[in-house]
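Colleague: Mapping the sequence shown onto numbering that gives the first Met the number 0, position 276 (from 1) lands on 275, and the numbers just tick up by one.
Do not take every clue at face value.
[To be verified] As a list, the in silico DMTMM-like pairs of lysine to aspartate or glutamate whose alpha-carbon atoms are at most 25 Å apart: (1) K420 with E440; (2) K946 with E846; (3) K358 with E316; (4) K420 with E560; (5) K359 with D336; (6) K839 with E960; (7) K392 with D118; (8) K957 with E803.
Just so you know, the hints here were simulated from the structure itself, not pulled from any lab data.
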Amino acid sequence: MTDSLLIGRDHPASALRAAVDRTAASHGGLVLVVGEAGIGKTALVTEAATRRRDDLLVAFATSWDSEAVPDNWLWLQVLRSLRGRLGEETWQSLHPAPAIDVFLGEGDATRTVEFELHDAVTQLLINASRVRPLLIVLDDLHFCDTASIELLKFACQHTFFERVLFVGTYRDSEIDPGHRLRGRMLQLVSKAAMVGLDGLTEDGVAALVKATAGSAPDPDTVAEITRRTGGNPFFVEQSALLWASGQPVDATSAGMRDALRRRIDQLPEPILRMLTLASVGGREFHAGVMAEAAGIDLFRIEAALDLACQTRLVRRERDRYVFVHDLVRETLYNSMDPAEAAHHHGCVVRALVADQSLKKHMLVTEIAHHAWVAGDDLDPVIAVDLLARAGAKANACMSVSSSEKYFRRAVERCTPAMTRKRVQLRIQLADAVWWLRREDEARGIYALALQEAEDLGDPMLLTRAAMGAPQAERVPELVRLKTLAYEGLAGEPPESGLDHEALTRQLLYRFMIAARESGDDEDISFGLWASHAANWGPGTAAKRQEIVEELAEITRRTGDEEMRLLSSSLRWVVLLEQGDPAFLAQLAEFRTLADAAESDHWRGGSSVDQAIVDIVQGRFDAAEVRIGEAAALMDGERAHLDLVDHLRWELQLARGEAPETSTAHRAHYGDQYADLLAGISALRRGETGRAHFVRERLAAADGMYGSWESLMLRFEAELAVADGDADLARDVYDRLAPFEGEWLVSMWGISIAGPISHWLGTLAAVLDEPGRAAAHFRAAVDQADLLDAAPWSDLARAALACLESPPVPAAPAAGDVFRRDGATWTLAYAGTVLHLPHAKGLADLHELLSHPGEEVAAAVLLDPSEAVAADARLGGDDVLDAESRARFREHLEALDEQIDTAAAVGDDARAAALDAERQTLIEHLKAATGLGGRARRLGDNHERARKSVTNRIRNTLKKIEDGHPALGGHLREAVTTGSSCAYRPGPGAPEWNL
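Turn these sequences into a full structure, and let the hints steer you where they fit.
Modeller: This is how it looks when you write it as structure tokens:
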């Protein structure tokens with residue numbers, strides 16, 4: 000770095016250096032360096048960064064004005080730069096969130112929430128700043144994608160007190176009222192220290208011309224250069240080169256384009272032609288791609304570009320060439336008429352298609368950009384394929400908005416003859432739009448796809464479209480279309496009276512026959528996955544096993560690794576569902592494949608599957624650890640995190656707790672799913688009235704999604720037992736009886752509710768058929784033991800013990816008993832004996848009866864370990880201290896005033912933005928405070944202990960009352976629960992045999 004690059008920049012350089020010095024010593028912030036193109040913004044920030052490179056960690060990123068740029072392009076560059084500078088060991092020590100790996104293209108995810116990526120990047124920057132103060136330079140923000148700006152705003156807001164300095168440059172003269180980034184940039188300006196750059200004075204111009212050309216011109220020439228360039232250093236340099244080459248300074252030329260055009264006009268024709276072609280590739284371009292696209296030998300291309308490097312308009316890097324200034328590329332590109340430019344873009348695409356090895360030089364989205372701009376110059380089949388691939392890639396990289404753009408463009412580029420492809424793309428486009436929460440628009444796109452498929456009269460396409468649309472919406476229309484598709488495939492109408500689910504299964508059966516006849520692997524794979532999704536509930540496991548094994552065979556032909564992993568995961572589920580202990584070997588095979596895939600997505604899936612089996616086999620603590628691992632690895636994958644949330648619910652249920660349901664569950668899979676979970680939890684709490692209400696709501700719905708059928712059967716079985724409802728018990732028994740020997744599996748294998756024999760036994764007991772119930776329970780014990788499912792084996796044994804030893808009058812000499820014998824508790828009181836299977840609530844009551852009149856902390860009952868109990872007594876630190884809460888409220892008041900001001904002057908956009916910020920702030924405060932504004936605490940197990948112990952004692956008392964009303968009544972009067980629990984029996988207390 001030479002001083003010539005900062006000629007005439009003493010004051011701005013001093014201001015920027017001060018900000019950098021403050022960051023090294025205390026805290027950072029945001030500095031924006033503004034000025035017109037070529038004014039020296041990049042040189043200024045480069046000098047400041049270079050001066051402190053030894054004691055600061057510096058990362059550079061540059062925007063590019065192209066639609067091919069993916070979302071958050073700036074931050075992709077920043078993270079790559081940081082990783083390279085830190086080294087892999089230090090990088091990993093920063094504990095980057097899984098979303099970072101996915102963002103860098105090393106994970107495997109499909110979707111994410113914007114906040115999760117913002118938070119992951121910000122936390123990584125904070126961690127890096129604690130290694131060394133951090134300087135992030137973001138160049139040419141006026142070209143930036145909106146996602147990068149939003150992330151910058153978030154990071155600035157959450158790192159103000161950290162040693163992180165963001166320095167951005169942009170052309171403020173170009174951010175006019177119609178600019179797409181104006182609103183966002185104004186929000187940044189309000190938070191930034193501004194450094195403005197103007198044109199150089201004549202003294203500065205003279206010094207810069209001397210530094211560029213080697214000698215200083217006379218004062219008149221300096222004045223002329225200053226006048227025509229406005230002192231813009233870039234233009235000064237270009238004018239100086241013209242002057243040094245013996246060319247006169249043209250007094251009539253003025254402005255950026257004129258200076259560039261005159262400089263470019265001096266180039267020899269071959270070099271000018273070569274650079275014009277290169278401008279099509281973008282600011283960075285590859286000689287190999289140019290050679291294939293132009294049909295010129297590579298050595299000739301490289302020789303011409305090396306000559307062009309001598310003009311200082313381009314420079315050569317390791318594996319590519321780069322325009323020194325994008326203004327040069329813009330000028331060259333704009334010199335072509337649109338038809339010529341489109342043709343060259345088409346040539347680039349054809350070159351990449353002809354030589355697949357060249358694709359490694361370009362992003363999928365860059366290739367799609369060329370395909371789009373090429374317009375009619377490119378075969379639409381090729382263009383549509385590339386645009387669709389870009390949409391799928393953007394979707395996999397968590398950029399749903401980009402995937403929408405590419406899918407929409409692919410639809411637009413389809414010709415009238417490409418109806419089949421257009422329908423499939425419309426479904427993908429509708430999926431992206433739906434994910435972006437524009438449901439009404441998505442419904443319109445789905446409807447259009449269905450209409451096109453119907454009009455074409457292709458039953459295979461109509462089947463795919465009908466199965467791709469949301470299955471819970473417009474059910475009568477879906478039934479009509481599926482009926483039409485069935486008739487087209489079978490040559491006759493389907494059986495009369497079929498419900499939607501049965502019709503879907505018959506349609507897919509016909510679809511698979513046609514797909515196999517055609518031998519089309521894509522149609523076969525689609526049909527198999529759709530059939531698998533449509534075949535859930537008791538009695539379907541054998542069919543699904545055939546499906547997953549055929550899918551595995553297809554993967555051996557196609558090499559589709561994703562399909563291989565998914566089919567392997569689903570295969571152990573169907574084996575377990577059929578009671579086959581070989582499921583353990585299949586699970587081990589899947590986990591080996593998942594680990595070899597080197598993908599956080601599949602590693603998370605491996606942890607999920609192992610957690611499911613841990614729950615089934617009673618390793619609850621291990622399952623909790625696995626669930627945490629999965630949540631961390633799948634961070635940002637909403638669809639998979641929904642399953643993880645359900646798995647947490649299953650774990651609580653298996654532990655004997657009554658898990659709560661929330662609005663989050665309703666958002667996961669809809670009202671029916673949330674109601675079903677709420678009903679099961681209500682029964683666990685003894686709230687049969689609530690459970691009946693839930694059952695009525697579910698009965699009034701359009702139909703239960705197939706994968707939840709077994710969960711619904713469990714709910715109805717438990718409701719029949721809780722109510723002693725013989726009619727409901729008979730109905731559920733008859734539905735389950737044909738499938739004895741299988742296990743109840745739902746939620747795509749996430750929910751495993753034990754052997755069907757266990758539920759047949761409980762229902763037979765309600766029907767007062769003890770002999771039949773005992774036979775079912777013995778079968779359940781054998782089935783559970785075969786799979787090492789200890790919790791289900793214990794439940795069946797305890798139920799069998801209850802059947803074999805019903806409550807009978809006890810001899811008075813036996814006394815009052817509250818004692819555990821293995822998996823069964825014996826409770827005797829007032830001459831009656833009751834046997835119950837083991838539950839934690841019984842153990843809690845036993846502890847209280849052992850210390851009559853004494854208070855026992857709920858934390859001790861929850862976990863007797865001294866460390867946990869002490870932690871619960873001490874509580875935790877406040878989430879926000881008093882000063883922080885006061886600062887939040889002051890900011891709220893300031894926002895209220897700003898909103899009023901914006902509304903008063905009619906600036907609705909600013910008012911809306913401020914209101915959104917205000918709502919976000921309020922949500923933060925809600926999360927950090929409890930009732931009445933009291934501070935919520937971190938690490939406080941006290942409340943968790945109170946809730947858990949109270950719930951399980953209450954549930955246990957309900958079971959005791961059902962079987963032994965006298966004992967239940969005594970305990971309900973004598974036992975108190977809360978933060979501390981106690982048994983206070985009063986005068987005449989029983990003498991318990993414990």
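Colleague: Run every hint past the structure and note whether it holds.
Modeller: Structure-based check of each hint:
1. Annotation: proposed proximity of K420 to E440 holds, straight-line Cα distance about 20 Å (limit 25 Å).
2. Using a Cα cut-off of 25 Å, the hinted pair K946 and E846 holds, with the two alpha carbons roughly 18 Å apart.
3. In summary, the hint linking K358 to E316 is supported, as the alpha carbons are separated by about 19 Å, within the 25 Å threshold.
4. Under the criterion of a C-alpha separation no larger than 25 Å, the hint pairing K420 with E560 is consistent with the structure, at around 24 Å.
5. For the hint pairing K359 with D336, the CA-to-CA distance comes to about 29 Å; that exceeds 25 Å, so the pair is violated.
6. A distance of roughly 17 Å separates the Cα atoms of K839 and E960; the hinted pair therefore holds under the 25 Å criterion.
7. Between the alpha carbons of K392 and D118 the distance comes to roughly 23 Å, so the proposed pair stays at or under 25 Å and holds.
8. Taken as a hint, the K957 and E803 pair is honoured in the structure, with Cα atoms around 22 Å apart against an allowance of 25 Å.
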